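**Student:** Protein chains in written order, with the UniProt record's numbering: chain A, 1 to 194; chain B, 1 to 428.
Note that these hints are calculated values from the structure, not bench results. Don't take every hint at face value.
In silico DMTMM-like links for lysine to aspartate or glutamate, alpha-carbon gap of 25 Å or less [unchecked claim]:
#, chain 1, residue 1, chain 2, residue 2
1, A, Lys176, A, Asp110
2, A, Lys176, B, Asp176
3, A, Lys79, B, Asp176
4, A, Lys84, B, Asp176
Note that the coordinates shown come from a computational prediction; the quantities given were computed from them, not determined experimentally.
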Amino acid sequence: MAAVDNMVPPGEDAAPFHEHPHDPRRRDFINIAAVSFAGVGAIAIVLPLINQMSPSADVLAQSTTELDLSKIQPGQAIKASFRKQPLFVRNLTPAEIASANKVSLSELRDPQTLAERTKPGKQNWLITLGVCTHLGCVPLGAGEGENRGPFGGYFCPCHGSAYDTAARIRQGPAPKNLTVPEYTFTSDTTVTVG
Amino acid sequence: MSFPWAKHYQPKQPLMRWLDEKLPLPRLVYNAVGAGYPVPRNLNYFWNFGVLAGAALGIQIITGIVLAMHYAANAGVAFGSIESIMRDVNAGWFLRYAHANGASMFLLVVYIHIGRGLYYGSYKAPREMVWLLGVVIFLLMMATAFMGYVLPWGQMSFWGAQVITGFFSAIPLVGDTIRVWLLGGFAPDNAALNRFFSLHYLLPFVIAGVIVLHIWALHIPGSNNPTGVEVKGEQDTVPFHPYYTAKDAVGLGVFMLVFALLLFFSPNLLGHPDNYIEANPLSTPAHIVPEWYFLPFYAILKSFTANFILDAKLWGVLAMFGSILLLFFLPWLDSSPVRSANFRPLYRKFLGVLLLDVLVLGYVGGAEPSPGVILLGQIASIYYFAHFLIILPIVARSERPRPLPNSITEAVLEKHAGLGPTKSAMAN
Numbered sequence: 001m002a003a004v005d006n007m008v009p010p011g012e013d014a015a016p017f018h019e020h021p022h023d024p025r026r027r028d029f030i031n032i033a034a035v036s037f038a039g040v041g042a043i044a045i046v047l048p049l050i051n052q053m054s055p056s057a058d059v060l061a062q063s064t065t066e067l068d069l070s071k072i073q074p075g076q077a078i079k080a081s082f083r084k085q086p087l088f089v090r091n092l093t094p095a096e097i098a099s100a101n102k103v104s105l106s107e108l109r110d111p112q113t114l115a116e117r118t119k120p121g122k123q124n125w126l127i128t129l130g131v132c133t134h135l136g137c138v139p140l141g142a143g144e145g146e147n148r149g150p151f152g153g154y155f156c157p158c159h160g161s162a163y164d165t166a167a168r169i170r171q172g173p174a175p176k177n178l179t180v181p182e183y184t185f186t187s188d189t190t191v192t193v194g
Numbered sequence: 001m002s003f004p005w006a007k008h009y010q011p012k013q014p015l016m017r018w019l020d021e022k023l024p025l026p027r028l029v030y031n032a033v034g035a036g037y038p039v040p041r042n043l044n045y046f047w048n049f050g051v052l053a054g055a056a057l058g059i060q061i062i063t064g065i066v067l068a069m070h071y072a073a074n075a076g077v078a079f080g081s082i083e084s085i086m087r088d089v090n091a092g093w094f095l096r097y098a099h100a101n102g103a104s105m106f107l108l109v110v111y112i113h114i115g116r117g118l119y120y121g122s123y124k125a126p127r128e129m130v131w132l133l134g135v136v137i138f139l140l141m142m143a144t145a146f147m148g149y150v151l152p153w154g155q156m157s158f159w160g161a162q163v164i165t166g167f168f169s170a171i172p173l174v175g176d177t178i179r180v181w182l183l184g185g186f187a188p189d190n191a192a193l194n195r196f197f198s199l200h201y202l203l204p205f206v207i208a209g210v211i212v213l214h215i216w217a218l219h220i221p222g223s224n225n226p227t228g229v230e231v232k233g234e235q236d237t238v239p240f241h242p243y244y245t246a247k248d249a250v251g252l253g254v255f256m257l258v259f260a261l262l263l264f265f266s267p268n269l270l271g272h273p274d275n276y277i278e279a280n281p282l283s284t285p286a287h288i289v290p291e292w293y294f295l296p297f298y299a300i301l302k303s304f305t306a307n308f309i310l311d312a313k314l315w316g317v318l319a320m321f322g323s324i325l326l327l328f329f330l331p332w333l334d335s336s337p338v339r340s341a342n343f344r345p346l347y348r349k350f351l352g353v354l355l356l357d358v359l360v361l362g363y364v365g366g367a368e369p370s371p372g373v374i375l376l377g378q379i380a381s382i383y384y385f386a387h388f389l390i391i392l393p394i395v396a397r398s399e400r401p402r403p404l405p406n407s408i409t410e411a412v413l414e415k416h417a418g419l420g421p422t423k424s425a426m427a428n
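Using the sequences and the hints, build the whole thing.
**Tutor:** Below, the structure is given as structure tokens:
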């Protein structure tokens, strides 16, 4: 069918104006290829726009913390800072270790033994984030004279979550034990957290 | 787009005629909020609240742009820059209090606006799209308000950001990764503060854009009215200008009075003293509460205390978001063809109970969690969902509505039959 826009001028051969009706047509192919190319380009531009939101190099550079444990007496705890979050380091007394080991796992909401939450041979060093697993408040108990709650560990004043001497959740709305971050003992009295 | 009897824009001045040919902006205004937009003649003062919400957005944008000239979005100095706005910047205290209380006024009028829609069935066909866009605006407002509250970098700002971004960590598997991505760190810090400021500046303009769509979608069927009966003819409508521009101006005056009372006599009534303490990542305030307008949703979040298949925390987050997303389905959950609750005796009662329920949720959201309060919150949360998912569909199917008036005009004349002009005419 010759429409106005593809009419053959009088006296000329119609042959070069004919396209073979193969599928997909040459034009469709060029169209799909061009749009796909632009699409891939658009995705390539979106990636850095998404990735810029991730923690930057200077934030990640603070993601390990060195700690000196030599000054912490048994029964004492310190508050340090790890990735801008509070970190509790506690030197457990033998009595606290014994009371943590006395609890049977079936009683626990998030069953873990004290041994699983500490390093072998260093069971007295309990290192956890000071971030309540409910809504992220800082529990009490690491400072001198703070309320350690009914289970002798940590107590979150926001919604009343109580943690035991192994910082395991025992009562209240928090779903999990206080998080134990990754750490290694670099010597007998120093640890690298993160 | 409008009723056939709508007045046509006919500029008389040569300049306006010239402008109308090149850029018909005055024509657009005339047809949107001028004499060219016919509106039902029986609208009551509840129909003011759309305009009031628009005014509140305008106040927020103007005060916000000015505040941004004095504020520094850096975790090291943000708190100090707010204090300098309050103490040193000329009229800074006024601008900041206007912005902080303006947010409360905005949410207040929007809640009444939503309540109007629920009572008079404005969400029903043919206005579903108006309602859906309204819910989108509400969600954008909540995001904007939250991010704005973080900017002063006080204790409540910081811990609010901690708790609210913590919602995302409830998502299984990828939750913590998403949270770290959103914050640009492992806890709220400079990166988070900066992006919140950027988005807090952007979102109001997105809201303004969605409002344009909201009004566009509204003007296709035209405004609902207290009877819920469709417009039948010209006698049912009056032009928007001057009738409703005048009525809206009255409402705007009352709005400004309330706003001024809050702003000048009790500017910190709705705030938290803890936010005048600079953010401290190592010490949590004893009692974290969001702003008043989020309290009902916060109560729903807190109501899940036991794990059931999923973590209680995830349930809480799902329910809280669900309580708002539910509104997207409202036009299809309520199948009653009668719009106005004035003619739906049963729905009217249940809507009253829902209002009470939301107020109870608001109380629970702000209260210290004791076992009694938690139980109250759980009952109120269940009722909230039951209202939309169980009660509403059943009521819509079973209730016998009162007879509707034949037209808006008939309803108006009936209402004023006892006190028509004849009496005063006779007195003369």
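**Student:** Assess, step by step, whether the Cα of A:Lys79 is no farther than 25 Å from the Cα of B:Asp176, and give holds or violated.
**Tutor:** holds, 23 Å
**Student:** So if I understand the rule, the pair passes when the alpha-carbon distance is 25 Å or less; does A:Lys84 with B:Asp176 pass?
**Tutor:** Holds, because 16 Å separates the two Cα atoms, which is no more than 25 Å.
**Student:** Holds or violated: A:Lys176 with A:Asp110, Cα cutoff 25 Å?
**Tutor:** holds, 6 Å
**Student:** Just to be careful, I want the Cα atoms of A:Lys176 and B:Asp176 compared with a cutoff of 25 Å; is the pair within it?
**Tutor:** holds, 14 Å
Taken one by one, the earlier hints all hold for this structure without exception.
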